[in-house]
Amino acid sequence: MSKGFRQSQAFLHTWSGLLLGWILFLVFVAGTIAFWREGLNRWMRPEIARVEQPMRVLAGSQAFLTGKAPDAKSWIIPVATERSPGAQVFWVPQPKPGEERGRGRRRGRGDTQALIGAVGQVAQARETRGGEFFYRFHFDLHYMPVIWARWVVGFATMMMLVAIMSGIVTHKKIFKDFFTLRRAKGQRSWLDGHNATAVLALPFHLMITYTGLVTLMAMLMPWAVVANYADQKTVFAKLFPTAAVVERTGRPAPLIDLRRIAADAERRLGAPASLIEVSDPGDAAARVSVSQSANSMLSSRTPRLTYDGMTGRLVWRSPPPGAAAETAGAMIGLHAGRFAGDGGRWLYFLCGIAGTLMVASGLVLWTVKRRERLPDPTRPHFGFRLVERLNVAVIGGFPLGIACFFWANRLLPVTLGGRADWEMHVMFIAWAVVAVTAFVVRPARMWPALFATTGVLLVALPVYDVVATERGLFASLAIGDLMIAGIDATIVVFGVAFLLLARRVARHRPAAKHVRNPRAVTASKVLEPAE
Amino acid sequence: MSILSLLLATAAFALLGLTTDAHHRRRFGKSPQSRGRGILRTGGWLTLIASVVPAMLARGWIFGPILWAGAIMAGAGIAFLALNFIPARDARR
Amino acid sequence: MTAGDAHARARWARRGDIALRVVAAVPLGYATASLWAMAIARLLPGDRAEASVTASLIALALCAIAAMWAFAARSGWRAIWTLATVAGIAAAIAWVSIDATGRL
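The listed protein sequences derive, respectively, from chains A, B and C. First residue of the first sequence: 1, per my numbering; consecutive thereafter. First residue of the second sequence: 1001, per my numbering; consecutive thereafter. First residue of the third sequence: 2001, per my numbering; consecutive thereafter.
Just so you know, these hints were derived from the structure itself, not from any lab. Bear in mind that the values here come from a model prediction, so they are computed numbers and not experimental data. Don't take every hint at face value.
Said to hold, decoys possible - Here are the in silico distance ranges between beta carbons for each label pair:
1) A:G343 - B:G1043: 26 to 34 angstroms
2) C:A2019 - A:V146: 42 to 50 angstroms
3) A:R509 - C:T2002: 40 to 48 angstroms
4) C:I2065 - A:P222: 16 to 24 angstroms
5) A:T234 - C:I2065: 28 to 36 angstroms
C-beta atoms are modelled at their ideal positions from N, C-alpha and C, and glycine is treated no differently.
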């Protein structure tokens, strides 16, 4: 490869990585945490019991919905597992006559959902988004229409893919450099750290970035569909087939016991079921659709069975998908990692942390490298100052915001209206305060302060759990609840890590460097813009 | 089988790491000669390819490659930590 | 022209070149990938939905490759016209195909 090519890709790597790097940091942090979303759904509701009998929850869900929404247009009942807090059931009311069925009905409206707990009753739990917040945030962001957020995240992801690919081709001695770790050598050490975290989990980074694009493919790249189809509905029906829609008859008829249908479905599928959808419950035309669990296979597009709601007779089975659709489904499944058992989940988590460190070290590396070249270190140019402060605001501020989010989950009064929203507001308020401060206080002061505060907040959380909840670390271990215990333990480890990081940063004394001749700067080996 | 894949991957990356100047010097006291380096490099790549087999045996055609990807990442990480953080015996005899 | 003027001219030329490459990489690169998504979706035999999915998967990678090409090309202008040509070929293929056999 010629020197010119490598230089051009080095330039591209730097800028495609930097310009939206802060968005990528947020996506990586939230996405990595989201691998534990089920556990967090439980951990953030410490008052609820562990699910032991999923069928009991299902029976309770049906009983609840029959009482609460007997004439609904549809019920949506996830099948509880021992990892979930219960079944978060939704129902869609019948549209009022003359009222348009609203597109993009907002999920999470408190009035048409409920959490059915381990004993089949509505769970008495604090209102919270739980782990779902992190999952949604990493592609929907917050406080903005989801389409905008997905375009921003999609665009940033494409830049990430470009950064990864250009980073690979620009790297002459990728293996040699991988093993190298020079410590306490300023820019070189940061480069080695960035290389190590990037190359170490390179298969993962490539996979997660490309598959991330695939999850948004319908929005980002709809043109292939447009080329073949004049009507979107046709292709949608082809790729996401469902049983024929039956008109509501108006004749009431009792809905069969859903447990019988679930058992039959699991027997036919040879795998656990995860979602049960009932259309027109209580009507003679009721239909029950059961989807196979995404945990049991690689592809996210799982087989579906549809039953008659009165008799329990199987009326439809989803056709096997074509090779391309299966491939796309497998890629989405790889991204979500739901197929992975506990060991695999940990591997995903560690790789996600590597990715987060890769992005963060890249952002910091940019300032470290530039600082060594500043003609006047006491008066850096605007671009440098902006990047430096954004680094503090985002890399330092976002983890602190998350720690505050967890504390809000613990401390906000249970009776507070809109409590789930307020947990999130607390997070963003804390982060905003940090962000504003980052532009006022010197970075050298901010970094250790932010890391130390985050560390203290995180370490204190499991302590609070032991003291003030029934699900403290020791209690969880005693009943063998490794998921909750694991989350508490991981939080402690991260807290300690942040404290150690704070200490390291506070003690950092940059080696005195002679200011380089500014003219020599422009003759640098790597092609960079003049500013 | 999965463990075997991981061990082979770790060994492979250790061998490949030892082909680099800095690490070879730390462990063997001298820069790698072209012949020694060739042996280490070939050995490393062969071991890496060999690590595919137990992964495929353990989990089949679909999940086997996924397991292998995980094994090589974990193996590379362990080798990296070992090479950089296990203190070398004093090479000066 | 003084040495300072020459230096400033070079800097602006370089910025212009980068700007052209960004245009080549982002709007033009996306357009090129999208047009090839359409062309490939038309050209692939078999089920139409399958062809569309395959073409979309390929096109995502093409976006990234187009961006890399935009910066690897010898100059900004070269990046633009080569990508535009490649996009034009795809557009022609897609147009002719849709004109001939229509869409579902």
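(message) Range first: 26 to 34 angstroms. Now tell me if the beta carbons of G343 of chain A and G1043 of chain B are that far apart.
(response) holds, 28 angstroms
(request) Using the beta carbons of A2019 of chain C and V146 of chain A, state whether their distance is inside 42 to 50 angstroms or not. (result) violated, 32 angstroms
(message) Verify the CB-CB distance for R509 of chain A and T2002 of chain C against the hinted window 40 to 48 angstroms.
(response) The hint (40 to 48 angstroms, Cβ to Cβ) holds, given that R509 of chain A and T2002 of chain C are roughly 43 angstroms apart.
(message) Holds or violated: the 16 to 24 angstroms window for the beta-carbon distance between I2065 of chain C and P222 of chain A?
(response) holds, 20 angstroms
(message) For the hint 28 to 36 angstroms, verify it against the beta carbon of T234 of chain A and that of I2065 of chain C.
(response) With Cβ atoms ~31 angstroms apart, the hint holds.
Violated hint: 2 only; the structure is consistent with all others.
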